[in-house]
Structure formats: structure tokens, C-alpha cells
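Residues per chain, in single letters:
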Amino acid sequence: MTATEAPPTRQLSYVGAVGEAFAQLMREDPNVFIVGEDVSLYGSVFGVTRGLLAEFGAERVVDTPISESGIMGLGLGAAATGLRPVVDIMFMDFVGVCMDEIVNQVAKMKYMFGGKVKLPLTIHTMAGAGTSMAAQHSQSLEAWFCHVPGLKVVMPSGPYEAKGLMVAAVHDDNPVMVINTKTLLGARAHVPEELYEIALGKAHVVRQGTNFTIVAIGRMVTESLKAAEMLAEDGLDVEVIDPRTLQPFDTETVVQSVRKTHRALIAHEAVRFGGIGAEFAAQIQEEAFDYLDAPVGRVGAPFSPVPFSPPLEKEYVPNAARIAAEVRRILGKLA
Amino acid sequence: MPTEVLLLKAGMTMREGAVAEWHVPDGGEVHTGQPLYRMETEKISIEVEAEASGVVCHAVEAGATVAPGALIAYILADGEPLPPGVRSLPNAAAVPGKGADARPPTTGAQEIAASPLARRLAKEAGVPLASIRGTGPGGRIIEDDVRAATGAGPADPWREIAASPLARQLAARAGLDLTSVQGTGPGGRITREDVEAATSVQPPQAPPAALAPAANHHPGDRIPLRGMRKVIAERMHASLQDMAQLTMGMTVVMDEAVKLRSQLADEWGPQGIRPSYTDLVIKAVAKALTQYPRLNATVGDDAIELVGKIDLGMAVALVDGLVVPVIRGADRLGLREIARESNRLANAAREGRLGIDEMAGSTFSITALGMNGVDFFTPIVNPPNVAILGVGRIHDGVAWDGDRPLKRQEMTLSLTIDHRAIDGVPGADFLGAVRDLLEAPYRLLI
Amino acid sequence: MEIPKETLLDIHRRMVRIRVFEEEAGKLMESGKVPGALHLYVGQEAVAAGVMAHLRDEDQITSTHRGHGHLVAKGGDLKKMYAELFGRATGYCNGKGGSMHISDLDLGMLGANGIVGAGLVIAIGAAFSNRYRKTDNVTCCFFGDGASNEGTFHEAANMAALYKLPVVFVCENNGFGEYTRQDRHQAVHDVADRAAGYGMPGVITDGMDAIAVFESAGEAIARARRGEGPTLLECKTYRYFDHVGVRGMGVSYRDDSEVIEWRQRDPIPLMERKLSELGILTAEQAAGVREGTLLEVREAIAFAEASPFPSADQLLEDVYTITAAGGKR
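Chains as they are written, first to last, in this note's numbering: chain A, 1 to 335; chain B, 336 to 781; chain C, 782 to 1110.
Worth double-checking, as some hints may not be accurate.
Stated by the list, open to error - Here are the simulated distance ranges between beta carbons:
id : chain 1 : residue 1 : chain 2 : residue 2 : range
1  : A       : Phe-303   : B       : Asp-636   : 40 to 46 Å
2  : B       : Gly-669   : A       : Ala-199   : 27 to 33 Å
3  : C       : Asp-838   : A       : Gln-285   : 38 to 44 Å
4  : C       : Leu-886   : B       : Ile-781   : 48 to 54 Å
5  : B       : Met-571   : A       : Gln-285   : 30 to 36 Å
6  : A       : Pro-192   : B       : Gly-669   : 25 to 31 Å
7  : C       : Asp-838   : B       : Asp-636   : 42 to 48 Å
8  : A       : Asp-38    : B       : Ala-695   : 34 to 40 Å
9  : A       : Ala-199   : B       : Ala-532   : 48 to 54 Å
10 : B       : Arg-778   : A       : Gln-285   : 52 to 58 Å
As the list claims (entries may be wrong) - Calculated pairs, BS3-like style, for lysine-lysine (alpha carbon to alpha carbon, straight line, at most 30 Å):
id : chain 1 : residue 1 : chain 2 : residue 2
11 : B       : Lys-565   : A       : Lys-202
12 : B       : Lys-742   : B       : Lys-594
13 : C       : Lys-860   : A       : Lys-116
14 : B       : Lys-344   : A       : Lys-260
15 : B       : Lys-565   : A       : Lys-260
16 : A       : Lys-118   : C       : Lys-860
17 : A       : Lys-182   : A       : Lys-314
18 : A       : Lys-202   : B       : Lys-644
19 : C       : Lys-808   : A       : Lys-116
Said to hold, decoys possible - Partial chain A-side listing against chain C, Cβ under 10 Å, derived:
id : residue
20 : Ser-69
21 : Met-72
22 : Ala-79
23 : Glu-101
24 : Ala-189
25 : Ala-203
26 : Phe-289
Just so you know, these hints were derived from the structure itself, not from any lab.
What you are looking at is a predicted structure, and each value in this text was computed from that prediction instead of being measured.
For every residue, glycine included, the Cβ atom is placed at its ideal position computed from N, Cα and C.
Using the sequences and the hints given, assemble the complete structure.
Structure follows, in C-alpha cells:
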């Protein structure tokens, strides 16, 4: 029998995938609009909104002053009165300026109002280090928002996820924060042309394995796959899981995996201490304690702000080699 | 040699039991036949007598819950020492209210580093941790150490065999034992090509399992319960344990179906589609399920959830195993599409090319043993479904017109239902609906 | 400007409703019958009534921690309001929000807010939405002198003026940012002075005079409806009760004489005198309005007290909106 023919693929960049999601969403629903700094005329500093102004006009692609509180509040007020806004916070590091709007207003309004409001708001932002943007333009702060009931948080790991998760986020009637990663912008992968959703709250087993589980988010998914290849030489058969949605987290899929493999670690770009890996690790040890043959490890950035100097930044950001080394360290040596 | 006292196994399904109470204290004397401990399981409470005389040395405390057959005590003959490496429990701490400053002396066991998994495995096997040598980081006892100590063999024997992950996956799906495969990759690593070569020894259109295993196995062989075999074993056992299964048979007059199938085979043959009787049954089931959605359901904790879609699992026998690929949306497919799809999936299954997504999520399953000469059988429901239909063989039967015998073709359908979700009568109604469709099979073409 | 008689009576009724609601709520708080803290609007009624008399249900308002007056003036259901203060399941927010988060989306009341200044940026969102959806709805944003110092004021004012949003910023300058007097928390005396800095008109009006408020608000709202952009309307007003709770006199941070002096300008008697002069409302009729309102309020409180608390399983409800799986528009 002949092998099944591979279906034709359409390669699209991560940037393109996000932009395509926006365009298709805006075509589908006139209540969707995008608001933020430099999103309209400039097409966003990351290029994700290029072409949207020409197609949809300035009413729906709105440039703002540098006023994160105002931008977030505008998104909230619009979402509470029937629209479906996408609010762009240029760099995730700027969320500090609108923390109250996100944490005290957006996240809580539905609950405080006894459910009598619907906030179909999407917050789009860019995280990640490795581009010499230094401490205030390079953070990954997803852990902060996973901690706030009322918000959902997703973190795409590639172009396919970037489009599918953005569509799901905008379609969702809840506030969803979509955290894209700057260093993934150039990645290319097959992205279907049609409008599609990746279901929120469902993890994806990227690579099946039998004796070690790596839970990775964002760009660390790519790095973990590389690490898995390295570790295969040592006889390890690593299963890599991409949660895709951080809140709500698909505990079940991860726990099932660890019950099978007995060993696990979590890899993320964010600072290791208090990173979201700590929550995942706690859940794993709670639900799969009797199946663990080794402590649950975490790979994250060291406990410092992101350094500027390139060799220091290179040290700082986790990569495949670090992940593989941590796996070996947890196992003592290779069994 | 000290006599080992192992926890009594009471009944086939007993999973664990507690030593509720010791009737002889640690260090006390006991005679054969004297009550030694009381065991409690969730079903029973039973007094267990000593089978030897001597000094009792507890290996577990009162209240401890262990697996049946686990070591719970030793009975030492006069002057006999404990087996080396085994330390006795501190019985002093067991006496309650001894005084505020009675600090329990530390057991050796608490100072031993062992992974949670290793602890559990050791406990289940009744092997004291103190007797196991740890090879993990810092001398920690890990899973492999426990397995070595219990003679269970390495946890993941495949780790000892160099094989690429893809090769492992393909081998697992094909139910292939990697130890039997010759590796041609670097350093003798087993590659995907090696696995494909090994599985292609069976011709793609091989007849179902009936004869093949006999050629591969010999008396005295030990077939490890791993991979697909293990999965099947666990699932089948769990299915029977978790559900209340009831099977009913019904005879179907197949004359019209035989004619129809023959016609369709002629018509579709040139396009490479071979319709089978099972395909007719699949279509009949799909149609009948739209009338009887209760059989297309899942049992949850406190509700029966009817599933919106009809995805029919079709059991395909392999060399040494069984897979159940799924025909999705069978109610929306015509008979031709079903035949084409079932062909495709069966071939893919036998070649080990089925994707995970092609095997997951059936809402109702169909299994056929007719070609193996079976008339009626009790198929086991494929969890989380609530029913499964078995197809028997078509054979000559007799109907009576007064005193005159009439020859006709008959086939028995065997429907197993989960009685938690479906009662006998609705099940029989559904089965009757399937029969009616098969007996007037032109309805399957509509 | 000739204001119709019905409108004047309506404004008066709204003020009395607020006053009675708040006084009774204050008693409930003092006697420990309602949990938590209430921030009461007594003294500022003219502002809410004068503005709300112009608004339709589709016009939105954002509010402050001192939001009961706003919701009552906008037509809030007194039963649901009291039930919310009591934390009952029949309250506006099913007991989940309390006084500081009380809201009625159907009336366009986008919620009281526990964060000073938060409503300013939410208001520009509602105004943006009004225009996006091609309506002529207007959003009125209520905030205090204290809030005018928050960053949100700056950002909202700038964006509203820049985009010419249909919003009216109603500053209820009651002379205090919590317990700190205005001249100790900002360098300007008239918050309206700030408007010019943002490119919008700033208007000052007597916040104890409901008719003055009604007239100034009318102009600002009409401006917004015409698409000419925002206005900053500063209403000079005063709160007779404490920042939180009832005690108006004998507090440490202001002199009793000040309260007494401002009481001379109590907006309700002021209005009643005007209406009497116009021959629209006699003293008996005014008393009748008050009595009728008191009855309604007592009934509402009884309803609230008899209402059940939310059950434990409601704790986790409404954190998220749940839609049917795969639900797409």
C-alpha cells in the first residue's frame, strides 16, 4: 500500500497568521474592532495589523494616544455595551499601566454584577525576550493573569495556534488575553486558509512519548521538541504537551500523560520563581503523586530582570540545551 | 526460614484490604490456628488464623491497607532471626495516650529516600523499602529499583532496546513485540522501516486473527502484557467491571441482504469498493440509532448523556490484537461511502497506519465474528459506549410454513447493552429495528 | 429657559427618592443590619436628578463608590437595590457585588465602582460604542474632585476630546477626596479649569440647585448628542454624611458649622421653595411625596430582608460567561 499523500500545505508566518485572524474576524462580525497604539496607520509595530485600515477604515481600526488605562477602559466600556473589541497592549510590559482596568474592572465586572453583563473582550499583547529590548520590553507575565478569576489566558506556540487561538479568543464571550511571543513572529507553518478555532482549555500533545513529559508554553514548545530529539539519543522517549490555554488549564491531559510517563518538567520563558510552571507542577504532584518517579522540574528564566547585553540575554532565555540538561539533572544521570 | 504472613486474598475482585486489628501483638507468641488478625475490605470483615507457630513480627501497623498477598508479618520459630535488612515496626508508638512526650521512634522507612511511585510499587508488592538498593539521585529508590527487587523486570523494557520513537509507536499499534525485530539503524537501532518490514510479513488482506497467532506462538511461550495487549486486557476487564452488561440475540433473515450485497459488489467492484455484510449492518445500525438515541450514549457520574453524533467503531482483528477504527457520522454517509471508508480503515488498521484520531471517540461499536464461524457471542461493550453489536455468521436455516420446511439464510445479531443505561426492552426494540432494516435492505440505500 | 412642570416635579421626586433611600440605608448600616460599608449621597441629590432627567435608558452612566443616588435617579428598582445591599440573591447583582458594584445594565447604569476614577475610562468606551453603533446615545460619567486627580481622568479627557466622543464628564465636587479637603489634594479650586487643557469646554454650576444642574447638563448633553464632543461639567455640591456611613457632624476632619451652613442650601427644600413659588407644588404635596416614598422604601426593605441569601453553589457562578460548546454567532 502506498503511503497517504500529504495534503497540500499553505505556509504562513506567525505575523501573517495573526493578521489573517484579525481580518477574517472583522469581515465576519461588524462588531469586532481593534484599538491600540499605532495599530491603524502604522499597522502595529509588529506588523500584525498591516492592511486592516485599508480594508476596514479608521472607525474599526483605531489609533490611540499612549494611554493604556484609557485604551483598556475604552475596550471594557465598549464590550459592556454590545461590541466585541480587540484591545492591543503593545508590549506586555505595559500592562502595569492598566492593571486596575484589567484586574479590578474587566476581570470582575461580570461577577460583581451578578452575571448580568457579558464582556466579549480580547486583549492582544506581545511578550518575550531575546531581541535586545531590555528589561521593560521583554517580560513574560502570564502568571499574573492566570491568577485572576474572570480572565482567560492563551499563549500560542506557532502560526497555526496563533490564528486558531485568536479566533477562539475573539469568539469567546469572556475576556481573553492572547499573549503572542515576539521571537516567534517569523516562524512559518501550515495555516489553513479558512476561519478556524482551536478550542480553548484543551492541551495538545505535540509529540507522543513514553517515559518523560515536558509541558511547554510559547516558544518553549519548539525548544522542547528540539530537546526531545537530543534526549532520544539517551534512550528517553519524551512526550511534549502544549497546553495552548493557560487559564483554564487542561490538567486532565497533563496528568494522564504523567501517569503514563512518571516524570515531568515544565518549560517557560518567564522567570522560574513564581512562574506558571509552579502552578502546573503543584497540580501534577497533587494528581499524580503516586506515579512520580522523580521530582517535577521547571525550566524558566533566572530571577533577575531581562539583561540588555546580548551575551547576557542569551544566558537568560531558556533553550533546548537547558531543557535537556534539566531533564538529565532530575533523573540524576541517565538511567 | 521465617514464615511470611501474606494478606489474605478474599475473592477474585479484591483489590486491597486493611489489617484492621492485630490479635497478637508484635513480639507476641502465636499458635497455628489461633486468630492472628482481622482483615477488612469494602465488602467483608474476616478473622484470619495463623498458619504457623512462633513469635509474631508485624511488618505493617494495624489499620494499614495493602494489596492481597502483600507481606504483613513474619512468624519466627524459636531463636530464628528476622530476614536480613528487615527492621521491625516500633510497637511502642502504637499504644495511644502513652504520654505527651512519647515521641515515636523514627522508622528506618521514613529516612529512606524513595520516589512516590517507588513507594507505592514497593508497598503493593509487599517489599520493605529497607531491603531495596536505590540507584536514583542521592541514592533515591526509584521505580527501576523496585522492579529489580521484585524481579518484575525493567519497567519499560523498550528503553533497553534502541528504537526510534516512531518505530515504537508503529510497533505498539501493530501489536508488534520489538524484541523480535531486527534493527538496521545506527548502532542496531530499530527504525520505522524495520517495523514496517516486520509487519508487512502479514499480507494486507490477511484473514482475521483466527489462524495467524498459532503460527507465531508455541506452548510455553510467555506473552508479556504490554502495549496493545495490555491496553486490551485492561479495557475489557474494566468494561465488565464497571458496567452491568446484558446480551441478547436475534435472528435475522438475510436472503434479501445477501442478494443486495451481491448486486452492490458487482456494481461497485470496478471502483475498488467491496461491500461486506458488516457494511450493511453498519448502515442499519446508524439508521436505527437515530430512532433509538439512548443506545448512542455515555454514562457519566449521575447522568446518561446522549451523544449528538453517530461515530461507529468497527472492530478490526489484527495479528495479535484488536483495534476499533471509527466511521464518523455514519448516519450521514451513504452505504457506498460506508463501504469505502470501512475498507480504508480496515486496511490502514492491518498495516498499522491508523491515526490516533481515527481510533478515538466511537459512540457505538460493531464487531463481527461471522467469518470465523461464530453464530452467537457476548461482545464486550467498548467503554465509554453503552452498547455493542456482534455480527454472527450467515448460514442456512429453516422456516416452517405449516409443516413445510423453507430454506432461508439466517444470521444472529448479538447485542450487548449496559443495563445501567438501557433496559432489555428498549435494547430489544433497537435490535428489532436493525433486523427490520436488514430484512428489507433497500431501505439502507435511501 | 422654560422647563415643563412635569419635568420639574419629576426632578423633585427623583431627589426625594434618593434622599429617603439613603437615609434609610444609613440607618440600616448604623444598626448593623447590612454588612460592609455604604457611601451615602445625601446632599448631592440635585446633581444626579438634574442630569438624569435628560437621559433615556439607552444613555449610559458610569458611577462611583457613592453610586446609590445615581442608580435611583436613573430609575433603579428600590427592592433590588436594597436586596443587593443586604447581600441577598434577589439583589441587582445576585448579592455578588454589594453597594460598591451595584448596577443595572438595562437602565444603562454601568455600575458603581470601588476604584476611584475607574468609571472615567469605562465611560469613554461606552461613548465610543454609542457612536460606533450609529446611535445618538450619550454617556454621562460621574466622578468626584478626588477622582479628577487620577490618571484615568487625564487619559479619558484627552481621548474623549480627541475623538469627540458623546460623553459628559460630570464632576461632583463635594470638596473632599475621602477625608482630605479639596485645597489639600489639588492645586486648582475649579476642576472645570482643567477642561481647557484637554480641548473641551469646562462649565461650573451650582450643584445644590437642581434646576441649574438641569440646565447646564441639558446643554452639555445636547452638545454630545449633536456629535460636538465632550464637556466637563463641574457641579459644586456637598455631602452631609461622612465619606462612609452616616455621621455627618462631630467628625474630625471638618467643622460642624460647615455642615450646618451647607444645610441651609439643602437642595430638596431649595427645590420645594422654588416649586411652591411657581405654584407647582404645595407644602402638603411635598410632604405627600416624601410619605409616599417612605412607604415604598419600607416595602423595599421588607422585601430585601425577607429575601434568601445566595446558596453556596452560586459562589463560583458567573466568573465566566458560558456559551454552548462550539457556539458561534
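Hint-by-hint comparison with the structure:
1. Between Phe-303/A and Asp-636/B the CB atoms are about 43 Å apart, so this pair conforms to the stated range of 40 to 46 Å.
2. Between Gly-669/B and Ala-199/A the beta carbons are some 30 Å apart, a value that agrees with the proposed interval 27 to 33 Å.
3. Taking 38 to 44 Å as the suggested C-beta distance range, the pair Asp-838/C and Gln-285/A does not conform, at roughly 53 Å.
4. The beta-carbon spacing between Leu-886/C and Ile-781/B, approximately 51 Å, falls within the hinted interval of 48 to 54 Å.
5. Judged by the Cβ atoms, the range 30 to 36 Å given for Met-571/B and Gln-285/A holds: they are separated by roughly 32 Å.
6. Roughly 27 Å separates the CB atoms of Pro-192/A and Gly-669/B, a value that falls within the hinted 25 to 31 Å.
7. Against the hinted window of 42 to 48 Å, the Cβ-Cβ separation of Asp-838/C and Asp-636/B comes to about 45 Å, which satisfies the hint.
8. Restraint check, Asp-38/A to Ala-695/B: a C-beta distance of roughly 45 Å breaks the suggested window 34 to 40 Å.
9. Our hint of 48 to 54 Å for Ala-199/A and Ala-532/B is violated, since their Cβ atoms are close to 39 Å apart.
10. Against the hinted window of 52 to 58 Å, the Cβ-Cβ separation of Arg-778/B and Gln-285/A comes to about 57 Å, which satisfies the hint.
11. Restraint check for Lys-565/B and Lys-202/A: satisfied, since their Cα atoms lie roughly 27 Å apart, inside the 30 Å limit.
12. Restraint check for Lys-742/B and Lys-594/B: the C-alpha separation of about 15 Å stays at or below 30 Å, so the hint holds.
13. Restraint check for Lys-860/C and Lys-116/A: satisfied, since their Cα atoms lie roughly 17 Å apart, inside the 30 Å limit.
14. Note on Lys-344/B and Lys-260/A: the hinted pairing holds, with a Cα-Cα distance of about 28 Å set against a maximum of 30 Å.
15. This hinted pair checks out: Lys-565/B and Lys-260/A have alpha carbons roughly 13 Å apart, not beyond 30 Å.
16. Proposed proximity of Lys-118/A and Lys-860/C is supported: the alpha carbons are some 24 Å apart, at most 30 Å.
17. Between Lys-182/A and Lys-314/A the alpha-carbon distance is near 15 Å, which keeps this suggested pair within the 30 Å criterion.
18. Taking the CA atoms of Lys-202/A and Lys-644/B, the gap is near 20 Å; set against the 30 Å cutoff, the hint holds.
19. With a CA separation close to 29 Å, the supplied pair Lys-808/C and Lys-116/A stays within the 30 Å bound.
20. The closest approach between the C-beta of Ser-69/A and any C-beta of chain C is roughly 5 Å, which is under the 10 Å cut-off, so the hint is satisfied.
21. A distance limit of 10 Å between C-beta atoms decides the matter here; for Met-72/A the minimum to chain C is near 7 Å, and the interface restraint holds.
22. A hinted interface residue such as Ala-79/A counts as satisfied when its beta carbon comes closer than 10 Å to some beta carbon of chain C; here the least separation is about 7 Å, so the hint holds.
23. For Glu-101/A, the shortest C-beta to C-beta distance to chain C is roughly 6 Å, which falls under 10 Å, so the interface hint holds.
24. For Ala-189/A, the interface hint is violated, since its Cβ never comes within 10 Å of a Cβ in chain C; the closest pair sits about 24 Å apart.
25. A cut of 10 Å between beta carbons decides the hint on Ala-203/A: the least distance to chain C is about 17 Å, and the hint is violated.
26. Violation of the interface hint for Phe-289/A is found here, the shortest Cβ-Cβ separation to chain C being roughly 26 Å, above the 10 Å cut-off.
This entry does not satisfy hints 3, 8, 9, 24, 25, 26, going by the numbered hints stated previously.
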